[in-house]
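Asker: Below are the chains, spelled out letter by letter.
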Amino acid sequence: MAGGGTRRQSWVIRYGSGREIFAGYALIAIPLVLFLVLNIGSILFALVISGFEWQIRGGAQEFLGLANYERLLSDRTFHKAIYNVVTYTLWVVPLQMALGLLLAVIVNAKIRGQTFFRAAFYFPAIASSAAITVLFIFIMQPEGLFNGLRAALGLNPLFEALGFGPRHSWLATASTALGSIMALNIWTTSGTMMLFYLASLQTISREVYEAARIDGANAWHTFWRITFPLLKPGHFFVATVSVIGALQLFDQAYIGGGSNGDPNFSLMSIVLYLYNAAFRQVNLDYAAAVGIVLFMIVFGATLIQRQLFGRSPAW
Amino acid sequence: MTTRYGVVLMVALLAFAACAGTGTATPAAPAAGTPPVASEPGGPATDAPSAAPTNAASEAPTEGASEAPTDGATGEPSAFDCGPGSGDLTLAGFSAGNVEEGILRDVLDSFEEACPNYTVQFEVIAGEYGPVMLTRLGSGDAPDLFYVQQGYSQDWIAQGILQPLDDRIDASGFDLSAFYEGYLAPFQQDGQTYGIPKDSSVLGMQTNDEMLASAEVEIPTTIEELEAAAAALKESGVETPMCFAAEYARAGALIHAFGGGMLTEDRSASLIDSPESRAALDWYLQAYQDGLAQNPPQMGVDWCGQAIGEERVAIAFEGNWVGPAMSTTYPDVAYTVSAIPSGAEQATLSFTAAYAYSPDSPNPDGSWALLSYLTSQQGMQEWTNGGLVLPSRSDVEVQDETLQNYAPFAEFAYAGEGLLPGWSQIQDAFNGALRNAADGNGTTDDIVNATVPAIEAALAQ
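Chains as they are written, first to last, in numbering that gives the first Met the number 0: chain A, 0 to 314; chain B, 0 to 460.
Since the hints were made in silico from the structure, they are not lab data.
Careful: at least some of the hints might be erroneous.
What the hints assert, rightly or not - Beyond 10 Å from chain A on every Cβ pair, some chain B residues (computed): (1) D87; (2) A113; (3) L133; (4) Q191; (5) W282; (6) R434.
What the hints assert, rightly or not - Covered, in the sense of this in silico footprint (three residues per stretch, anywhere, with C-beta under 8 Å from a C-beta of chain A), are these stretches of chain B: (7) 125-132; (8) 135-145; (9) 158-169; (10) 231-240.
None of these values were measured; they are calculated from a predicted model.
Using N, Cα and C, we set each Cβ at its ideal position, and we do this for glycine too.
The shape of chain B in the complex, shown without the other chains (with noise of 0.2 Å):
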C-alpha cells in the first residue's frame, strides 16, 4: 500500500520535475537583451531589424539626433483632426535606448499639444517583445498603440489581434499613397490594412576608401564590376574581400539585384527556385568558394558591419544602422555608401516596423488619432529629424547627411521579410542551408530543396 501511494507520489514528482524543469536546463527566455551571439549579433539581422537603428542608437548619444527634433517641430502644425475622443493613452514599444527614447518622447508632445484632449505614455516592454506582446494581446490587455516588427507582421494578423483600418483609413481620409508599396506591403493581408509602417531601414552597399583606393578600383555598380572589383581587391592583398552574411535579410538583396526573389510578387508561389534566383544563390556561394567573401561567423566577428569597421573587407552590404556604429565605434574608418550593384535589375531590401492596435484596445478614436498623427507627413518628418532612421512616407524629407545617401535607395526596395503567415520557417529554412553551403557543405540545389517545402508549408496554411 504504502508503494502504491510513494509510486504516485513518485511519479508526480517527476512530472512536476519535467515540467517545472530541474536539472540542466530551465526553458526560461534567456535575459532581457541577451545578444544570441553566435548568430544574430549585431542585431540587424533577423529577429529584429527595425529594432537595429534602435540599438545603434543606443551606442550613439552624441549623434545629431539629440538636438535635431527641435527644427522638424518648429514648423507651424497644420491642423490636425484628432477626432472626437479624449483620454490617457498607452504607447507600447521594444526598448529603445535614452537617444531614441527621447526623441519619441518629443514627438508625442506634439501630439498631446496638437490634441490637448490626450495624453500620452510610452511603455517600453523589457525582454522579448513579441512573446509579451502576443501573451498580452491574447488575453485583452492591449495597450492603446504598439509596434509590431516587419518579420511576424503577417502572423499577428492571422491570430486576429491586430485591429483592421480600412474603415478608419476611408472615414478619415488618411493617404496610404504617401508610403511605398513595399513597406505596406507586410502589413496588409487580403487587401486589408493592419499596421502603417512608422519608419523605414534599407540595405546599401558600404566600401572602405583607403581599401579600394590603394587598389585602384572604381566603385562597383553592376554585378560585373562587383566580382571584377572583389577579384582586384584580392589581387591587392585584402584577405576577404567582401562581407557576405548568409542569411536571407541581406543576401536577398543581391538574389532580387539579379532578378530572383523568395516569393512572386503576388506572393502566391515560391520564386526561389526559379533560374533568376538559382543563378543570384550560384553567385553568391561562387564568392565564398573563391575566397571573395567569408560569412562573420568565419571571420570571428558578430556581423559585417564589423568586418568594415575593423577594416577585415572592403565591401559590405548592410542596413543604414551602420552609421551610427562607424560613427561612433570606428570614427577613422573612411568608407562610402553606394547602392547595391545592379544585375537584371536594382533593388534592395528594406526593414520597417508598424503602429497597430488591438480590436480589444480601450479607446480606439484615441488609438487612431495617435496612430495616425505619428505617421501623417508632420509627425514622421519630426520622428525621422532625429536622424535614426527613414521615413516610410516619400514625402517625408530626410535631414540627416548619412541616411541622405540611404534614401533614394527605398525607391527599389523589397521587402526584406514578412510577406507570409510562416515567415519565420522559411527563413530559418533558407538561413540554415546557405549558412552550411557557405561553409562548403552544400549547393544551391540544397538551399532551394530546404526552402522550398517551408515555403509550401507557408502557403498552404
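Next comes chain A alone, as it looks inside the complex (with noise of 0.2 Å):
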C-alpha cells in the first residue's frame, strides 16, 4: 500500500512538473528566442567569422582557420591588453567588493539618516560614466583639484618620497595612468557593489544574530563569524558580476587615454583592443577572434570562481 502511494505521488509530481515546465517554456518563449538568437548565436557566427578572412560587405573571402588566433596570441600590444587587464581586476575586484561591503554594513546598521547615507553612496554609480571619467580627467590634471588638495593638506612630502613631483599628470604618466583609472573605478562602483551586498545582508534571518547576542558575541565576532560567512552567496555573485566588468574595461580607458590606450598602451583593454581592430583598422575577423578570446577568459574566470565559492549556491 506504502509503496503505491509513492508511485502514486512521484506520478502526479512528474505529471505536474511536466506541465509546469511546458508552461514556463511558453512563457519565456520570447526573450529565449531573442537570447538564443541576440547572444548565443551571436556569439557562434562571431566563431565562424575569427575563421574567415571577412569583409564587412563581401562576406568571407578565405578560409583561415586559426590564422587570427596565431597572430592574437603573438601580438605584443593584445599582450600588453591582457596585462593591463588582469592587473586591473586584481586590484579593483577585491577592493570594490570590501568597499562595498564597508559601505553596505554602514548602511544596514540602525543609524540616523540612513536614507540618505544609501543614496549618496550609490550616487556615483547612476551618473554616466562618461561624465565622471571627464571630470576625472580634470580633477586629475597637473593643475588639478587632486594636486591642489594634497599639497593645501601638506601631504606633498609624502608624495615627494613615493616619488611624485607636486604638478604630477595622474593620466597623462603611463606608470600612474592604469592605477589612476582603478580608482576611479573602484570608487564608481561601490555603490552597485554596495546595493548587492545590503540585498544579501537583509536575507540573514535576524534570529541568528540574537543567538549569537545570547551567546555574548561581540560585533566584531558577530561580522566574521555570522555575518561574512553567512554572505557567501552574495559573494559569489558580486565577486563574478564585478570580475566580469573589470575584464570588460573600456569606456573609462577609452575617454581616458583615446582609442590607443595612451599614453604608451598603458590604458590598452582587451575591449579597446577589439574596438580598434573592428573600427579603426576594419579587421572584422581578427576582431571576431579578440572578442571569442575576450569570452573564453571570461567563461573560464567565472567557472573558477564557482569552484572557489562552493557548488551551489543558496539563491
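Assembly of the complex is requested from the two constituent chains, each provided in isolation within its own frame, with the hints serving as guidance.
Answerer: This is the structure:
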C-alpha cells in the first residue's frame, strides 16, 4: 500500500512538473528565442567570422583557420592589453568588494539618515561613466583639484617620497594612468556592489544574530563568524559581476587614453583592442577572434570562481 | 535535477552578463563628441585631422566665413555637365558645426541650381563617424555620397566599400592633375582612385611675435636656426620655447624635413629605420631632454594650439586649424605663420578627407554628378571661400588671409596619415613609443623597434 502511494505521488509530481515545464517555457519563449538568436547566435557567428578573412560588405573571402588566433596570441599590444586587464582586475575586484561590503554594513546598521547615506553612496553608480571620467580627467590634471588638495593638506612630502612631483600628471604618465583609472572605478562602482551586498545582508535572519548576542558574541565576532560566512552567495554574485565588469574595461580607458590607450598603451584593454581592430583597422575577422578569446577568459574566470565559492549557491 | 537546471540557468545568466556588460564597464561607445581629453583633445590630431577645422569652425561663428561664400558663387557658373540622371540625393558627413554646415548648404544649393534634376540633403552622422558609416556601408544602407577621412581611407578601400572611380573619371574627362599628389595618394590603391579629396589642411610653424622680439630672435627657416632660436629663447627666460606633440601627425613633418619619413615613396617598405629618420628622432628627443620642447600633456594643455595661445611656448607646429582658435579664444596673442624649418628638404604634412560613394549607391549617376561638382574647380572655390579649409586643387584661389599663409605649403606636403591599410596600428605603435621617449623612458631605437613590426604587419596584409 505504502509503495503504491509513493508511486502515485511521484507520478503526480512528474506529470505536474512536465506541464509546468511546458508552461514555463511557453511563458519565456519570446525572450528565450531572442536570447538564443541575439546572444548565443551572435557568439557562434563571431566564431565563424574569426575563421575567415571577412569583408564588411563582401562577407567571407578566404578560410583562415586559426591564423587570426595565432596572430593575436603573438601580438605585443594584445599581451599588453591582457596584462593591463588582469592587473586591473586583481586590484579592482577585491577593493571594490571590500568597499562595497563596508558601505553595505554601514548602511545596514540602524543609524540616523540611513536613506540619505544609501542614496549618497549609490550616487556615483547612476552618474554617466563618460561624464564622471571626463570630470576625473580634469581633477587629475597637473593643475587639477587632486594636486591642489594634496598641496593644501601638506601631503606633498609624502608624495615626493613616493616619487610624484607636485605637478604630477596622473593620467598622462604611463606608470600612474592605469592606477588612476582603477581608483576611479573602485569609487564609482562601489555603490553598485553595496546594493548587491545590502540585498544579501537583508536575507540573513535576525534570529541568528539574536542567538549570537545571547551567546555573548561582540560586533567583531558577529561580523566575521556570522555575517561574512552567511554572505557567501552574495560574495559569489558580487565577485562574478565585478570580475566580468573589470575584464570588460572600456569606456574609462577610451575616454582617459583615447583609442590607443595613451600613454603608450598603458590604458589598452581587451575591449579597446577589439574596438580598434574592428573600427579603426576594419579587420572584422581579427576583432571577432579577440571577442572569442575575451569570452573564453570571462567564462573561464567565472567557472573558477564557482569552484572557489562552492558548487551550489544558496539562492 | 533542480540543481542541474539551476547550473544551466546560471551559466546562461553569466554568459548574458558577460555579453551584455553588467557591472563596471559597459562596452558602449562614449557619448557623441566626448573629447578623449588626455590624448587627442584638440581634435586635430590622429583621429580626425580634417575634422579639426570643423571643430575650430564651430567656435568661430564670427569669422569671415559666413559672408564669404557668396562672392565665389556669383561668378557665371561654367556649364557643368550634370549627366543624364536625376533624383533626391543624400550627402552624409560628420557633424560640422553651424558655420561649416551653412557654407556647405550654399554649395549644395548652387549644385541644385546647376543641375535642377537633383536635390541634395546633408545628413549629419552623430557620434563616431567611422564606426557608424562602416556598419551602414557594410549592410548596404549607403548614402549617395559621404566623407572618407584620410586616416582610414586605405582600410575602407581594402574592405570593398568604396566604388572605384576610374571609369567615371575617364568617361567624364574629370581632370585629376589639378589635385596635389600628396592629397590624392591616400585615396588611391593599386592605381585605382576611390575618392576625391574635398579640401585640405597643412601644418605650419606658429611663432609668438613678442617672445621672439624680446629674445631678439629671427623667425627660423632651417633646423639649425630653429635649434639656435629655441636656445636663445630659453636663455631669455622662456621656460619651454617649443611645443612638440608626441605623435606622428606633427613630428612627421620634421622627420620629413630631415629627409626621413614613415614609408618609402612607393609605400612598399619602412623608412622610419633610415639614418635620416633616426637623426630626426634623435634631434626631436634631444629637444625634450634639453628642456627646449615639451609634449602638451607635460605642460597640462590639450594641444599645441593651446600652448601657443596661452603663451606657454614661443614656437608651435600646428595646422591651419589654429587660425580660428587663435582669433576667437586668444585674439590678443600676435603670432606669425611660417613654413616648417627645412633640413635636408622643405616639407610638411597634409590632412584631408575625400568624397566617395559605395558600390551599393542607389543612384550612381547622381553620386558622381554631386561628387564631381563638389570637387570641381568651381565647387571647391565656393567651398573654400568659406575660409575654413584649404583647397586640394592647385587651381583654386585661397581668399582667406590667414589661410593664405598656409596655402604655399601644399607644394611640399606629404600625406600625414593613411598611407597603407593598417595605418592606425603603425601610428599607434609610433605614437606610444614616442610619447614614452618624450617622458624620458625610451630612445630612438625603442621608437624604431616598436614601429617597424607594425609597418611589416601592415605591408604583409
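Asker: Just double-check Q191 (chain B) for me: nearest Cβ-Cβ distance to chain A has to come out over 10 Å.
Answerer: Check passes; 16 Å lies beyond 10 Å.
Asker: Please check whether the beta-carbon of W282 (chain B) is more than 10 Å away from every beta-carbon in chain A.
Answerer: The claim stands: W282 (chain B) keeps its Cβ more than 10 Å from every Cβ of chain A (closest is about 21 Å).
Asker: Quick one: see if chain A covers the region 231-240 of chain B, three-plus residues with Cβ-Cβ under 8 Å.
Answerer: Since three or more residues must qualify, the claim that chain A covers the region 231-240 of chain B is violated, with 0 doing so at under 8 Å.
Asker: Closer than 8 Å Cβ to Cβ for three or more residues is the test here. Does the region 125-132 of chain B pass it with chain A?
Answerer: holds (count 3)
Asker: Does R434 (chain B) clear chain A by more than 10 Å, comparing its Cβ with all Cβ atoms of that chain?
Answerer: R434 (chain B) not clear of chain A: closest Cβ-Cβ about 5 Å, inside 10 Å.
Asker: With 10 Å as the threshold, tell me whether D87 (chain B) passes as away from chain A on beta-carbon distances.
Answerer: holds, 24 Å
Asker: Are 3 or more residues of the region 135-145 of chain B near chain A, judged by a Cβ distance of less than 8 Å?
Answerer: With 3 residues in contact (Cβ-Cβ under 8 Å with chain A), the coverage given for the region 135-145 of chain B holds.
Asker: Grab the minimum beta-carbon distance between L133 (chain B) and chain A and tell me whether it stays above 10 Å.
Answerer: violated, 6 Å
Asker: Was A113 (chain B) rightly flagged as not at the interface, with every chain A Cβ beyond 10 Å?
Answerer: holds, 32 Å
Asker: Check, residue by residue, whether the region 158-169 of chain B contains three or more positions whose beta-carbon lies closer than 8 Å to a beta-carbon of chain A, and give the verdict.
Answerer: It holds: at least three residues are needed, and the region 158-169 of chain B offers 3 whose Cβ sits within less than 8 Å of chain A.
Consistency note: the structure conflicts with the earlier hints numbered 3, 6, 10.
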